[in-house]
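K.L.:
Listed below, chain by chain, are the residues.
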Amino acid sequence: MKDPFSDTINSRLWQEQATPGNPFAAEVCRASGYDVYGDLLGKASYVEYLYLLFKRERPAPQLARAFQILAIALANPGPRDPSVHAAMATGASGTPAAASLIAALGCGAGSYGGGREVLLAMQAFEQRGTDLAAWTEALADPPVPTRTQVWPEPQQPAGFETYSSASARPTRQTLALLAATLPDGRCAWLEQQRAALEAAAGHGLAMTAVSAAALLDLGFCPDEGEMLSLLLRLPGAAAHALEQKQQGFRQFPFFHLDLQDDPKRAQP
Amino acid sequence: MTTPHVLSAYEGALKTSMGQCFPGERTVFRGHDLHAGLKGLDWMELYVFGITGMRFTPAQVELLHALWTCTSYPDARLWNNRVAALAGSARSTATLAIAAGIAASEATIFGWQPVMNVADFLLRARAEREAGAALPEVVARELARHKHIGGYGRPVATLQVDERIPFLQDLMARLGLPAGPCLELAFAVEAELLATGRALRMNYAPVLAAIPLDLGLSLRQLHLFVTPCLMAGMPPCHLEAAERPPGATFAMRCERIAYSGAAPREWPES
Numbered sequence: 126m127k128d129p130f131s132d133t134i135n136s137r138l139w140q141e142q143a144t145p146g147n148p149f150a151a152e153v154c155r156a157s158g159y160d161v162y163g164d165l166l167g168k169a170s171y172v173e174y175l176y177l178l179f180k181r182e183r184p185a186p187q188l189a190r191a192f193q194i195l196a197i198a199l200a201n202p203g204p205r206d207p208s209v210h211a212a213m214a215t216g217a218s219g220t221p222a223a224a225s226l227i228a229a230l231g232c233g234a235g236s237y238g239g240g241r242e243v244l245l246a247m248q249a250f251e252q253r254g255t256d257l258a259a260w261t262e263a264l265a266d267p268p269v270p271t272r273t274q275v276w277p278e279p280q281q282p283a284g285f286e287t288y289s290s291a292s293a294r295p296t297r298q299t300l301a302l303l304a305a306t307l308p309d310g311r312c313a314w315l316e317q318q319r320a321a322l323e324a325a326a327g328h329g330l331a332m333t334a335v336s337a338a339a340l341l342d343l344g345f346c347p348d349e350g351e352m353l354s355l356l357l358r359l360p361g362a363a364a365h366a367l368e369q370k371q372q373g374f375r376q377f378p379f380f381h382l383d384l385q386d387d388p389k390r391a392q393p
Numbered sequence: 006m007t008t009p010h011v012l013s014a015y016e017g018a019l020k021t022s023m024g025q026c027f028p029g030e031r032t033v034f035r036g037h038d039l040h041a042g043l044k045g046l047d048w049m050e051l052y053v054f055g056i057t058g059m060r061f062t063p064a065q066v067e068l069l070h071a072l073w074t075c076t077s078y079p080d081a082r083l084w085n086n087r088v089a090a091l092a093g094s095a096r097s098t099a100t101l102a103i104a105a106g107i108a109a110s111e112a113t114i115f116g117w118q119p120v121m122n123v124a125d126f127l128l129r130a131r132a133e134r135e136a137g138a139a140l141p142e143v144v145a146r147e148l149a150r151h152k153h154i155g156g157y158g159r160p161v162a163t164l165q166v167d168e169r170i171p172f173l174q175d176l177m178a179r180l181g182l183p184a185g186p187c188l189e190l191a192f193a194v195e196a197e198l199l200a201t202g203r204a205l206r207m208n209y210a211p212v213l214a215a216i217p218l219d220l221g222l223s224l225r226q227l228h229l230f231v232t233p234c235l236m237a238g239m240p241p242c243h244l245e246a247a248e249r250p251p252g253a254t255f256a257m258r259c260e261r262i263a264y265s266g267a268a269p270r271e272w273p274e275s
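Going down the list, the protein sequences come from chains A and B.
Using the numbering used here, the first residue of the first sequence is number 126, and each one after it goes up by one.
Using the numbering used here, the first residue of the second sequence is number 6, and each one after it goes up by one.
Certain hints may be false.
Stated by the list, open to error - Straight-line distance between alpha carbons at most 30 Å, and here's what the computed BS3-like set of lysine-lysine pairs gives:
#, chain 1, residue 1, chain 2, residue 2
1, A, Lys389, B, Lys152
2, A, Lys168, A, Lys180
3, A, Lys370, B, Lys20
4, B, Lys20, B, Lys44
5, A, Lys389, B, Lys20
Stated by the list, open to error - Okay, the calculated bits of chain A under chain B, using three or more residues with CB under 8 Å as the criterion:
#, segment
6, 132-143
7, 148-156
8, 160-172
9, 208-218
10, 294-301
11, 355-364
Think of the hints as simulated: they come from the structure by calculation, not from any bench.
In this text, a Cβ means the ideal position worked out from N, Cα and C, and glycines have one as well.
Starting from the given sequences, assemble the full structure and let the hints guide the process.
P.N.:
Next comes the structure, spelled out in structure tokens:
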């Protein structure tokens, strides 16, 4: 039978030149043509390199600035966020560091404030563009899913707060700065139409919508945006996990349960 | 007066009907004492009881076990097993290896996305059939709406009969468990696809979905049931990789990267 699989890793991103005499060690590594260790290192900023890895091109200075703003805005959702809470639970209980990040990713992946919501909001933007009427129509009559997937169905329109009819101040502050940095894109439109969109949705605009608009303005597709939103939330999770590790589990909430069906309580 | 926030009602003690540990005394598991009322349950029985709150007959539990064991393939090339193996090669921990391998089982070309797709289709198709629709019409409508039906066709062996299916059919016959409506429908869909010229043999996903659905599991319960299903194939791959020299599992020299991107260029000074 013919083997249908490739023998090589095919990449438009990464090229390696072997060290003479050692085919398993790279002497030169190029990312989209740039010599990473021989040229780019020391010249490119971290967000420029991150952008290069995803888009295979250097970002224009304005895009690099917007990307940096977004990266800082998403870096720490704070210790009450489920993903950071999950990372702290692992830190407090002393797991390997990777478990903290796995916990943060698992709990930061969903459609309630997580990577899935960013993806869905980006897809909504792709479908509706900056057409307020299209947004209003879709928010009033959301499309019914045609089948169940591994992801639970979202319980609020993607990009909007679940419990609040108003956007949070940090969301508005981030949006204002991104709109000023990217004055011709979706961020600027989102800022102009925020009140109308919130009225149509009955929910405040969420940070996930701001992320979605910014990621699209930066040229990322929804898959790239989902991945980046997951990546960019990890610094806060890591820092909080380490803080709880230092403090120890007794300084971390263990909570109380109210067991509804205790067989012992049911006995006369 | 401001309306109380929805989440205010959820502050404080967490209401639960699922269980609680009373250290040094007992543990309640879905309303039963784990060490008394549930004493003697094997792990599968406890696992599906935890998911569904239902109890199953010994024959049904044996069948559920078989759904897992017959698909535990210690082949380190398979994508999820490869993750567990590479963790061994990189000298990571066993738990991180298996956790990553399980996460990698929620894939699109194999694993839980096709299982959920076909399970959802089988439930919808069963309802449509019960409402009087003919099977060819149901299949054609699904293909028109979603382009393909998950679980039909296989990435590594497209035309062969999936080896797990006759194994399970034999076991069901031995256990005296008849095929339920979802399993019968899964076979009927395969026949319909083949009859209409689509060379898409049923893979394991429709069987793995249909049998638990026929036992009364919901879609979300099915998802939880299958989650550890491929796990038994992972430790052998991980262990063997850990026994090889570091980095020796799927070792690749630099030239195995086939680059087709931009030509060499310089990063300008800013």
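K.L.:
To test your reading of the hints: which numbers does this structure violate?
P.N.:
Failing hints, ascending: 1, 9, 10 and 11.
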